[in-house]
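Visitor: Per our numbering, the sequence shown starts with residue 235, numbered consecutively.
Careful: at least some of the hints might be erroneous.
Quick list of the computed label-pair ranges, beta carbon to beta carbon [said to hold, decoys possible]:
hint	residue 1	residue 2	range
1	Leu273	Arg462	23 to 31 Å
2	Arg317	Arg502	46 to 54 Å
3	Arg390	Arg361	24 to 32 Å
4	Glu467	Arg317	50 to 58 Å
5	Arg611	Lys575	40 to 48 Å
6	Thr422	Ala266	34 to 42 Å
7	Gly363	Glu482	30 to 38 Å
8	Arg559	Glu443	37 to 45 Å
9	Glu467	Ala277	16 to 24 Å
10	Asp546	Lys575	18 to 26 Å
11	Gln545	Glu443	28 to 36 Å
Here are the computed lysine to any residue pairs in the SDA-like style, where the Cα-Cα straight-line distance is at most 25 Å [stated by the list, open to error]:
hint	residue 1	residue 2
12	Lys313	Ser264
13	Lys246	Glu477
14	Lys575	Arg559
15	Lys575	Thr514
16	Lys246	Ser260
17	Lys246	Val365
18	Lys313	Gly254
19	Lys575	Val466
20	Lys313	Arg350
21	Lys427	His568
22	Lys575	Asp614
23	Lys575	Gly403
24	Lys313	Ala278
25	Lys575	Trp608
26	Lys246	Glu443
27	Lys246	Val466
28	Lys313	Leu302
29	Lys313	Thr387
30	Lys575	Asp546
31	Lys313	Ala282
32	Lys575	Ala277
33	Lys575	Glu508
34	Lys427	Val466
35	Lys246	Leu489
36	Lys313	Glu524
37	Lys575	Glu605
38	Lys246	Ala263
39	Lys427	Val365
40	Lys246	Asn262
Read the hints as simulated data drawn from the structure, not as lab findings. Note that beta-carbon positions come from the ideal geometry of N, C-alpha and C, so glycine has one too.
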Amino acid sequence: MAGQVSEAARVKASAPEYQGALGSLSVNASLAEVLARGLEELAAAERAGERSEVARCGLAVAEAYRRLGRIEEADRAWKASYRAARSAGHEGAMAWALWSGGTLARQRGAFRLAYRLLRLAADMGERGGDVVVRGYSLAGLAETGRIQGDYETVGRLHEQLLAEARRRGEARHTVWALEGIAQMHRNTGAYDKALALFEEAAETALRAEDRRGWAWALRGIADVVSVRDGDVERALSLLSRAEEACREIGLSSALAYNHKMRGNVLYRAGRYAEARELYTRALEEFREMEEPRGTALSRLGLVKARARLGQDAARTAAELAELRRMLDRIGLRHAREMVDKAAAELGVGPLPEPAGSGTAAAGSGTVLPAEGAWALRAADVDGLRAAGGAEGPR
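Model the full structure from these sequences, guided by the hints.
Guide: Written as structure tokens, this is what we have:
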């Protein structure tokens, strides 16, 4: 494994979503800096009538807004970037804008739209000869399927993208792929495998000076050492280090997930009142940025903590049933299964099945919409070997 890390860490992490006049920005630049520079250069490009540059600067602005949790502004920015790229006839820039829009759609829980935009981005990147945006888009498709919990469908694509990243020594994409595979192992109970992959991701990110990837990897390590070993203090220490990195860069979503994970660690340790406070904090943060997945997971933790602190069993069951219906609508298979496990753990299950429940509600089979299943089947990682490389930023 050490050899794999050294291969991937030879090249420092880069941020190819920062382009044109913003191409010198570091992957670790604070999002406040990215946004300020992006808006300044965007205005200059608009005054000069340089449509391709407007598209490039608009992409950075859209990504800064998205990662800051400013959803409506991010939505307007990626669409404006796409329109500028289209008016310039620049297919590569159009693909980047579509990738940004697809990533935003996934963040908002609009999975069908995410698959559609990311598939279009991958196809347009191929037509425009931009293999990097094609790689980003394939990674985005894989991550969308993983978040929905259909590991059988997306596991092979994650492995293929990891192999390609290692072959090229692409540190940032290696970190992304390792973390995705690790998360699937963690969620299926293979804790030793998950920990090894999260640790490799953390080391790779650290050597490549990728603070964002490092923070996410530390969160994964903290989760595993908490659930597998019951090592509360180590888990909290890791999360504190990750939180510092999130604050330095201004990663609103990652910070909220950090707070939610801190709640998980405290809950497992039986510190229910403290866990309740962290879940409440994370819930407020996710609601502010309109992120349904984080909102649902925080709500689940809060219901569990309140139940442990004496909440009425009937109310707990009703809240879990409502949460499960919401997760069915969104299409989050793994999170939906977590609700059923919580009901059993708290002694209020089994929860009643909603009338007319389908495959997702039954907790079996694929939950991917037809658009997603088709897009993942059509993903061609071998095509990335023609030129350039692929990465998968958050």
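Visitor: Take the hints in turn and mark each one as holding or not.
Guide: Verification of the supplied hints:
1. Leu273 to Arg462: 23 to 31 Å: Because 45 Å falls outside the window, the suggested range is violated.
2. Arg317 to Arg502: 46 to 54 Å: holds, 48 Å
3. Arg390 to Arg361: 24 to 32 Å: holds, 25 Å
4. Glu467 to Arg317: 50 to 58 Å: Holds, since glutamate 467 and arginine 317 (Cβ atoms, about 52 Å apart) stay within the stated range.
5. Arg611 to Lys575: 40 to 48 Å: violated, 30 Å
6. Thr422 to Ala266: 34 to 42 Å: holds, 38 Å
7. Gly363 to Glu482: 30 to 38 Å: Once the Cβ atoms are compared, 36 Å apart, the range 30 to 38 Å for glutamate 482 and glycine 363 holds.
8. Arg559 to Glu443: 37 to 45 Å: holds, 44 Å
9. Glu467 to Ala277: 16 to 24 Å: Taking Cβ atoms as reference, glutamate 467 and alanine 277 lie about 49 Å apart, which means the hint is violated.
10. Asp546 to Lys575: 18 to 26 Å: Cβ of aspartate 546 to Cβ of lysine 575: about 20 Å, so the range 18 to 26 Å holds.
11. Gln545 to Glu443: 28 to 36 Å: violated, 46 Å
12. Lys313 to Ser264: holds, 23 Å
13. Lys246 to Glu477: holds, 22 Å
14. Lys575 to Arg559: At roughly 15 Å apart (the allowed maximum being 25 Å), arginine 559 and lysine 575 satisfy the hint.
15. Lys575 to Thr514: holds, 21 Å
16. Lys246 to Ser260: It holds: about 10 Å lies between the C-alpha atoms, which stays within 25 Å.
17. Lys246 to Val365: Given that 25 Å is the threshold and the Cα spacing comes to 19 Å, the pair holds.
18. Lys313 to Gly254: holds, 18 Å
19. Lys575 to Val466: Roughly 22 Å separates the two Cα atoms, so the pair holds.
20. Lys313 to Arg350: OK: lysine 313 and arginine 350 at ~15 Å, within 25 Å.
21. Lys427 to His568: Holds, at about 19 Å.
22. Lys575 to Asp614: Outside the cut-off at roughly 36 Å; violated.
23. Lys575 to Gly403: violated, 40 Å
24. Lys313 to Ala278: Holds, at about 19 Å.
25. Lys575 to Trp608: violated, 31 Å
26. Lys246 to Glu443: holds, 6 Å
27. Lys246 to Val466: Between lysine 246 and valine 466 the Cα gap is close to 33 Å, so the pair fails against 25 Å, i.e. violated.
28. Lys313 to Leu302: OK: lysine 313 and leucine 302 at ~18 Å, within 25 Å.
29. Lys313 to Thr387: violated, 30 Å
30. Lys575 to Asp546: At roughly 18 Å apart (the allowed maximum being 25 Å), aspartate 546 and lysine 575 satisfy the hint.
31. Lys313 to Ala282: holds, 20 Å
32. Lys575 to Ala277: Violated, because 52 Å separates the two Cα atoms, which is more than 25 Å.
33. Lys575 to Glu508: Distance ~22 Å between lysine 575 and glutamate 508 Cα, so the pair holds.
34. Lys427 to Val466: At roughly 20 Å apart (the allowed maximum being 25 Å), valine 466 and lysine 427 satisfy the hint.
35. Lys246 to Leu489: holds, 24 Å
36. Lys313 to Glu524: holds, 19 Å
37. Lys575 to Glu605: violated, 29 Å
38. Lys246 to Ala263: holds, 14 Å
39. Lys427 to Val365: violated, 31 Å
40. Lys246 to Asn262: Roughly 11 Å between the alpha carbons, so the hint for lysine 246 and asparagine 262 holds.
The structure is inconsistent with the numbered hints 1, 5, 9, 11, 22, 23, 25, 27, 29, 32, 37 and 39, although it conforms to all the rest.
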